[in-house]
Amino acid sequence: MCTEHKNENHECTCHTGYTLDTLIPKVGIITDIREETPDVKTFRVNAPEGGKLFEHLPGQCAMICVPGVSEGMFSITSSPTNKEYQEFSIKRCGMLTDHLHTLQVGDPITVRGPYGNNFPVDTVLKGKDLVFVAGGIGLAPLRSVINYVIDNRADYGKVDIVYGSRSADDLVQLKEIRELWMKTEGVNVHLTIDREQEGWTGNVGFVPTYLKELGESGQIEFGVNTISLVCGPPIMIKFVLAALKDMGVSKDKIYTTLELRMKCGVGKCGRCNIGSKYVCKDGPVFRCDEVDELPNEY
Amino acid sequence: MLKIAKKDLASLFALIKESGELYLPVKVAEQTNFAAYEDGAEFDLDTLKSVKSPKDVFFPQSETLYTCKNEGKTIKITPEELVDQPFVVFGMKACDVGGIEVLDRVFLSDPVDSFYAARRAHGTIVALACHEPEESCFCKVFGIDAAEPVADVATWMIGDELYWKALTEKGEALTEKVSSLLTDADEQVVENEKTAIRAIIEKLPYSDLSLEGWNGDAVAEKFDSKLWNELYKPCLACGTCTFVCPTCQCYDIKDYNTGSSVQRYRCWDSCMYSDFTMMAHGNNRTSQMQRFRQRFMHKLVYFPANNDGTYSCVGCGRCVDKCPASLNIVKVIKAFGEKGE
Chain A
0 MCTEHKNENH ECTCHTGYTL DTLIPKVGII TDIREETPDV KTFRVNAPEG
50 GKLFEHLPGQ CAMICVPGVS EGMFSITSSP TNKEYQEFSI KRCGMLTDHL
100 HTLQVGDPIT VRGPYGNNFP VDTVLKGKDL VFVAGGIGLA PLRSVINYVI
150 DNRADYGKVD IVYGSRSADD LVQLKEIREL WMKTEGVNVH LTIDREQEGW
200 TGNVGFVPTY LKELGESGQI EFGVNTISLV CGPPIMIKFV LAALKDMGVS
250 KDKIYTTLEL RMKCGVGKCG RCNIGSKYVC KDGPVFRCDE VDELPNEY
Chain B
0 MLKIAKKDLA SLFALIKESG ELYLPVKVAE QTNFAAYEDG AEFDLDTLKS
50 VKSPKDVFFP QSETLYTCKN EGKTIKITPE ELVDQPFVVF GMKACDVGGI
100 EVLDRVFLSD PVDSFYAARR AHGTIVALAC HEPEESCFCK VFGIDAAEPV
150 ADVATWMIGD ELYWKALTEK GEALTEKVSS LLTDADEQVV ENEKTAIRAI
200 IEKLPYSDLS LEGWNGDAVA EKFDSKLWNE LYKPCLACGT CTFVCPTCQC
250 YDIKDYNTGS SVQRYRCWDS CMYSDFTMMA HGNNRTSQMQ RFRQRFMHKL
300 VYFPANNDGT YSCVGCGRCV DKCPASLNIV KVIKAFGEKG E
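Which chain is which? The protein sequence lines are A and B, in order. Numbering-wise (numbering that gives the first Met the number 0), the first sequence opens with residue 0 and increments by one. Numbering-wise (numbering that gives the first Met the number 0), the second sequence opens with residue 0 and increments by one.
Hint data in this document are derived by calculation from the structure and do not stem from the laboratory. Note that this is a predicted model, so its numbers are computed, not measured. Misleading hints may appear alongside valid ones.
What the hints assert, rightly or not - With a Cα cut of at most 25 Å, we get these calculated PhoX-like pairs of lysine-lysine: (1) A:LYS182 / A:LYS125; (2) B:LYS253 / A:LYS25; (3) A:LYS25 / B:LYS321; (4) B:LYS75 / B:LYS253; (5) A:LYS250 / A:LYS157; (6) A:LYS51 / B:LYS6; (7) A:LYS250 / A:LYS125; (8) A:LYS82 / B:LYS72; (9) A:LYS25 / B:LYS164.
So that you can see chain B by itself, here it is in the shape it has in the complex (with noise of 0.2 Å):
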């Protein structure tokens, strides 16, 4: 276990940042999501969640995959430049590492998603742990913890001191990179702080939610229940449960007109827009319980089926925050538990 004082944390910061690129919580207009720090950005790391999931340092919200253009009687077709530099993601916590692991699972399985994996095997991630989980996470739920995240490097930070130990190989090499910064630090002052978080997530709202009836089985009795004609009701098909999501990975791909050329981009979708699943002749979800349905069928039932039963949702509670009409996935897993279905 290694240590460094609060107060040397832009330093630590100015140093990562010499070979490579840091990604880190940045406060912009009272709003705190992950951006690439730049030297004096006000770094936020005492708010819990930013509002984004930090998922777009590997998943862009919108991302060019290649450029046409028209050449006579062809087209040359240029394949973005896959990122090939090293950088570090800092302060992302245990829900959107899990989160991370989640999308590891569809865009490096077979077909591996070059753009993504290019973005993982370049990116190291040092996590922080969650001093202070509020009342809409339920990470703990999906067996997650929020006191010792699981990344290249861990983190805590307690006191005037961060609290640092790396995991993996890669956590090794960026130890190794910034050692100078680095002392030794007693071990037993984070063992005292896990407790101290745990005892918090024991006692949150949502820590003992039951998902005992999505189990994967019982597909067409969820599909057909009479609950989601009550549950979706208050659903606006704003997305913003979608675009906050750590885990949602849905995508369109457009393309963006340069004047002399063609972008072929690929941006954030939501299967919670009509226009989603519509085709010239037809569209087979045609009303709003039926997108409803299908992101959480999606996230409990579907993607654990083809997933050895991991579930496609890792608590952190964004979307139970965010959600305009107070409907959240909490809600469902809850109305399913209740009514014993």
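Same shape as in the complex, but just chain A (with noise of 0.2 Å):
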């Protein structure tokens, strides 16, 4: 398929009556894969021809797809600052995901988007001090942020990542966090696991707990020029806004992301809207002043 050639028409110019939709997909091929935890690998998905399959934003997602087995939505974990490869971290929870598990590098997929908006990272969050707080599979759109903060250090104040998960063997990207977010400068890092285990000398707890004695002790600071960013499961989120509130972080300063079922991933097939807005298309991040006006449905 020829994907450079497009018209105003959506149509290509080289090979008649073909379309270049955004429903096409292009073929990637997964070039590596990273076993995080007992069930989250990372993919490294390369354009046949090497190089990425196209260019994106800190946030955004795309649709991989299985032919034969079944399509979904994905968040780019990699930055955009990488220039050779995107990255996606899949947690294995239904029948597509259990199949991308079971593939080998070299093996072929079908990618397409860019899809969604992106966090802010080129106006709003410019110059700010960031909060990351992220809990299990939830770091993997943070990540694509977080990367592209520490590429572009100058560009932002401090920066603290909160990070938690259901035991030391659950937290994805520990490799990176040990060996690069630890050791830029400006950068502090929090873990903490849910329960006791041994050989853990980090924080004991659940996310919105050691968050809030982050803050009240100080050691993080909620000012006029600090912006949260959060993900994660459904009731950590709940929990992280909570305990935000309490230590007095307005919701125009905190960034999230929604996730509900997508097809098409262009606002068209009418299943990710809350209200009137499609999660695909004007998500999925979304600010959390902007997500109390939605109906209660995601």
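Hints are included, so try docking the two chains, each in its own frame, into the full complex.
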């Protein structure tokens, strides 16, 4: 398929009658697989001829499909500053993800995107102190922003990353966290796990509780110039927002991502709406005061 | 204004068909639906409403988007070719033309759906006025005039003649092609018919339905209203309303394994179904009340909010006619109106 020659009518100018519709995917080749946890793998994807399939912005998603199995929307976990490949951290939890976990390096998949909006890295977040709060696989979309911020370090203030999981074995991207994030100046990483575990010397406790402890002890400051970015299971998000509220953080200084079932990715198939907003098109990134205005159906 | 004798319609259709596919209402097993016209088929211009709306001429119930074939360590993706031949749809009613305008707002907005856009670009719509609007009709409520449909060509069936008026460039081109069969006509005959049709419409039971409460405001109040808990109860979740609706555009994308390749096709879907929003990690609309509410909030609140106040309903009344539980959008509009919410 030709992917370059597109005229105003969204038609390919070198293949008569061929469409370059956004619903038509490209072939991606899996070039690396990292086993992050017992149920999360990070897949590196390249175009068949090498390089990236497309350019994206931090927070955007893509539709990954195994023809004959299914197709699903996943956040692109690599940063746009990575010029060589894109990565997807995928938790095994259903038909498609079960199948993806059986794939090997060299196997082809189809990818279309990028879809959705992005974290406002070049506007609102610029020059601000950033607090990232993630739980479990919720780190995936935030990792794209964190690495973007690290690669453009001078453009942002202090960075705090609060990341927690069920156990030490369920923390994803641990190598990168230890070897890059923890060693970057002005970046503080605060890890926590839900329950005591042999060999774990870090904090034990749920993310919202730990966040509050860090805030109240002054280890993280929530000033007028601080923006929080929260992503994780819905129950964690709920308690993190409550904790932030208790510490006086207003909702217009908090960003999160939402996730609903999607098929088209472009706001037409009709299933990922919350009120008049489509998560695939108007999201997945929402400011929390905007989320409050939506009907409670997510 | 031009005209053609009704007895010559078969010749007209044959002539149209010479330059491309012709879709028109065809009766099969006592049901009238839009279908590609074959010589000798029983076309039916008397039945007011086809069972399904003619939306599938532009947005087919099922269509292949692309085909995937494993080739060694890669996948060959072959997009389906777009429609590139002209075709004509004859006999669409004003409400169904309005339905296409709603679909245009969905599929022609950025990013354009190429499959739909190609059909719209190559299709010419010949609309037919509604000479005997039925009790379930309420297009007037949405500002649609069944007496004077707005399409590429508007037609009226009066007495033994079909009156014909081109309204767009596409309509002019089609008129040119069939001009040998058309003769000049008296505009006044059509004007009189329009007046007669409008008089019928005025007397229809739902023509005075008020949309006053549905101005896109008070979204939270409507969403949280207790009325939904009562309104949804008879709903069987059969999805009939969504399949006969000219504006419902929800679709699914699925796989068809041909044995040697996988076709990725899209097909109509329904927000009335429990698995519509089901994900591995849960479902945000677990009850039928939520799904019922979604359908009507979308048509009357969310869609207008995103589309300059245009409702995603054209008052064709098919849901009124077809719902096995006698539920419909009229009941929803009235329930909120009467309670003043």
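These are the hints, each one checked on the structure:
Under the criterion of a C-alpha separation no larger than 25 Å, the hint pairing LYS182 of chain A with LYS125 of chain A is consistent with the structure, at around 21 Å. Distance restraint check for LYS253 of chain B and LYS25 of chain A: the Cα-Cα separation of roughly 17 Å lies within the 25 Å cut-off, and the hinted pair is therefore satisfied. Straight-line distance between C-alpha atoms of LYS25 of chain A and LYS321 of chain B comes to about 42 Å, which puts the hinted pair past the 25 Å bound. Distance hint between LYS75 of chain B and LYS253 of chain B is fulfilled; the C-alpha atoms sit about 18 Å from each other, no more than 25 Å.
A C-alpha spacing of about 20 Å is found between LYS250 of chain A and LYS157 of chain A, which places the hinted pair at or below 25 Å, so the restraint holds. Restraint check for LYS51 of chain A and LYS6 of chain B: the C-alpha separation of about 63 Å exceeds 25 Å, so the hint is violated. The hinted pair formed by LYS250 of chain A and LYS125 of chain A meets the criterion: a straight-line CA distance of about 18 Å does not exceed 25 Å. Pair hint LYS82 of chain A plus LYS72 of chain B holds up; C-alpha atoms about 24 Å apart against a cutoff of 25 Å.
About 46 Å separates the Cα atoms of LYS25 of chain A and LYS164 of chain B, which puts this hinted pair outside 25 Å; it is violated.
In summary, the numbered hints that this structure violates are 3, 6 and 9.
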